[in-house]
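A.B. asks: Put together the whole structure using the sequences plus the hints.
So the sequence lines, in the order shown, correspond to chains A and B. Using the numbering used here, the letters of the first sequence map in sequence onto residues 1 to 208. Using the numbering used here, the letters of the second sequence map in sequence onto residues 1001 to 1496.
Accuracy of the hints is not assured; some may be wrong.
Derived, one-sided and incomplete: chain B residues facing chain A with beta-carbon distance under 7 angstroms [claimed, not checked]:
hint: 1; residue: 1006
hint: 2; residue: 1009
hint: 3; residue: 1044
hint: 4; residue: 1047
hint: 5; residue: 1049
hint: 6; residue: 1064
hint: 7; residue: 1102
hint: 8; residue: 1248
hint: 9; residue: 1274
hint: 10; residue: 1284
hint: 11; residue: 1287
hint: 12; residue: 1293
hint: 13; residue: 1299
hint: 14; residue: 1318
I should point out that these hints are in silico values taken from the structure, not numbers from a laboratory. Cβ coordinates follow ideal geometry from the N, Cα and C atoms, glycine included.
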Amino acid sequence: MSGKVGGARDAVLARITGALADRPIAPEVPRAYRLGGDLEPGHPELVELLVDRLVDYRATVIRAGDDVVAAIEQVLPEAPVRHAPGLPEDWLPAGSEPDSPAVDPRDLDSVGAVVTGSVVAVAETGSIVLDHSPLCGRRALTLVPDMHVCVVRHRDVVATVPEALRRVDPTGPLTFISGPSATSDIELTRVEGVHGPRTLVVVLVEGG
Amino acid sequence: MTTFLGMPGPPADATSELRGSVPFPVAAEAGLTNSRLRRNLSKATGTIRAKRAAVVAEVADWEELREAGRAIKEAALARLPELLVELEEQVEARGGVVHWARDASEANAIVVDLVRAKGVDEVVKVKSMATQEINLNDALEAAGIRAIETDLAELIVQLADDRPSHILVPAIHRGRAEIRQIFLEAMPGLDPGTLTDDPRQLAEAARAYLREAFLRARVAVSGANFGVVETGTLTVVESEGNGRMCLTLPETLITVMGIEKVIPTWRDLEVFLQLLPRSSTGERMNPYTSTWSGVQPGDGPAEFHLILLDNGRTRVLADPAGRSALHCIRCSACLNVCPVYERAGGHAYGSVYPGPIGAILTPQLTGLTGDSVNDSLPYASSLCGACEEVCPVKIPIPEQLVRLRAEHVEAYASAHRIPSGEAAAMRTASWIMGDATRFARAGRSARLGRKGIRSGRAIVPLPPPLSGWSSSRDLPALPEETFREWWARTRGGERR
Chain A
1 MSGKVGGARD AVLARITGAL ADRPIAPEVP RAYRLGGDLE PGHPELVELL VDRLVDYRAT
61 VIRAGDDVVA AIEQVLPEAP VRHAPGLPED WLPAGSEPDS PAVDPRDLDS VGAVVTGSVV
121 AVAETGSIVL DHSPLCGRRA LTLVPDMHVC VVRHRDVVAT VPEALRRVDP TGPLTFISGP
181 SATSDIELTR VEGVHGPRTL VVVLVEGG
Chain B
1001 MTTFLGMPGP PADATSELRG SVPFPVAAEA GLTNSRLRRN LSKATGTIRA KRAAVVAEVA
1061 DWEELREAGR AIKEAALARL PELLVELEEQ VEARGGVVHW ARDASEANAI VVDLVRAKGV
1121 DEVVKVKSMA TQEINLNDAL EAAGIRAIET DLAELIVQLA DDRPSHILVP AIHRGRAEIR
1181 QIFLEAMPGL DPGTLTDDPR QLAEAARAYL REAFLRARVA VSGANFGVVE TGTLTVVESE
1241 GNGRMCLTLP ETLITVMGIE KVIPTWRDLE VFLQLLPRSS TGERMNPYTS TWSGVQPGDG
1301 PAEFHLILLD NGRTRVLADP AGRSALHCIR CSACLNVCPV YERAGGHAYG SVYPGPIGAI
1361 LTPQLTGLTG DSVNDSLPYA SSLCGACEEV CPVKIPIPEQ LVRLRAEHVE AYASAHRIPS
1421 GEAAAMRTAS WIMGDATRFA RAGRSARLGR KGIRSGRAIV PLPPPLSGWS SSRDLPALPE
1481 ETFREWWART RGGERR
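C.D. replies: Okay, here's the thing in structure tokens:
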């Protein structure tokens, strides 16, 4: 632990205290911005807005009827499929194996697609949040394979970013996903599909 | 004029990538005369300006978000010592290790030691302004450690042995044809017969090139966009997934973060996750945002190190009128709207922080001496004010530019016993204008200069130091009579 005692730590803290010798007052933060939308989570208009945003990001959107498994299976490739260990039984595609912590994350490179749940989605920004619980799987699971099939329950669709942040636990790892991986680094032309999954399929489920 | 009330910390050290070799006006010549660079920049900044404007316009509470963002940053700086100590506690309570670095050299040494302790000679890197600022890659190379930049634009810059020219898109000065050429020369196995300059194909080439590096890497180095104090949560906002790869796959993660990046509460993040993507890439949300707090057993790195970096920040902090430069969230919106940046290009600023924010942040980090190349940066602006309009945290950039110009004049005067040409001219002007008779006489004599100006240029070039003013400016045509003469003749138009 470099610079812990009497070293850099104390020096930097002393510098900061010295620099703030004018004793600035921390202002109250005005939170006049919207803390939530007008619609209840899962309202059909919110779901429509989410779909619009996801399509804009070039994600594939499937509205599942009663048969969620069939909706998922129609997009899965021939290559091996894995799913998050806590995926509910009635979302489980045939032939898929649960992810296990014993598997080296690097070996997920040979997996063709992965199926996970999600904890909350933001309609206005088209963002889906994974909390890496058994429902969403560890982080590498939704990163290394080339296709991510992500199930979003209508009741988890909120309007705004503040609503979403209130619903998740910041002490565990979180991933906010807004469309497939993309870059705009070449002449600011957007290209989908760089290092993360190049195909993002969002399956919308009414019940669950 | 020096406004420091507190005791300023020392400036950023010489290792830092914050100084060019020549002042801005000299460096800008290269950009101004490079037509390809001008074309690339104008196309790219034009595209991003339009995207940003469209997605900002759809947010009804944008101004309220900006006001909240500004206040959160101001409040965080006011409470900085206690917030950093609490962040340290939170990160360590969750299995992370916190290090402190007074300057670039110290931060680099910590990273080198950590990498060596892992026994590896290669690290993968997430794009980070802090590690660019401290010139980490050179320090690693000197220690025999190869740093692989994994952001596409950073990779382009690295492979071309070039320097970044933009905060968000470091290779903004490169067009697609140039990037194709760079890849063909640097990436083994690419077929010049089939690789076109289609951005899709170029991105695919980068994916294949880096995939192997991600899978074998054991140590990653990142920066952080925000450090949430109350939960010890670090945040990386990105697009490509290279950030997720680096934050997830290697066993050891080292994050270098400037001390000004702290925000007190998790709730504060809701403001910045709305402000940053729309201001930066012009998207409603960036594809990937990762947050983590310490280490998570069975998920991601088993070892996490956070390095808190000063490197001149406490110097900026000591000036109450200048410390708002530390509010910057590195979105680069001010670069994209700046007419000076668009024409001169990022390299002209000589610092990893170019554009309007760079023009106020860089000289404050390194110090204005009266003779430093960075003394020219506060003048790299037409003061049009577009930067302040778009800044998501409302940094008063034009006001700070003017203040830093005044500070530079003072620093120059105290560094030199003879006054500058400008100071001498101002003193003379003050003497003339302080007396009505002298002023009237001066106005009449100025008329003698009328014949010397044609089409805005002096017929006979003015000698130094006057040429310093006239060489880059048109001279106005002088009228037949002075205002005082006109007034005496007409009484303000009453008598004709």
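A.B. asks: Each hint: holds or not?
C.D. replies: Against the structure, the hints:
{"no.": "1", "hint": "1006", "result": "holds, 4 angstroms"}
{"no.": "2", "hint": "1009", "result": "holds, 4 angstroms"}
{"no.": "3", "hint": "1044", "result": "holds, 5 angstroms"}
{"no.": "4", "hint": "1047", "result": "holds, 5 angstroms"}
{"no.": "5", "hint": "1049", "result": "violated, 10 angstroms"}
{"no.": "6", "hint": "1064", "result": "holds, 4 angstroms"}
{"no.": "7", "hint": "1102", "result": "holds, 5 angstroms"}
{"no.": "8", "hint": "1248", "result": "holds, 4 angstroms"}
{"no.": "9", "hint": "1274", "result": "holds, 5 angstroms"}
{"no.": "10", "hint": "1284", "result": "holds, 5 angstroms"}
{"no.": "11", "hint": "1287", "result": "holds, 5 angstroms"}
{"no.": "12", "hint": "1293", "result": "holds, 5 angstroms"}
{"no.": "13", "hint": "1299", "result": "holds, 4 angstroms"}
{"no.": "14", "hint": "1318", "result": "holds, 4 angstroms"}
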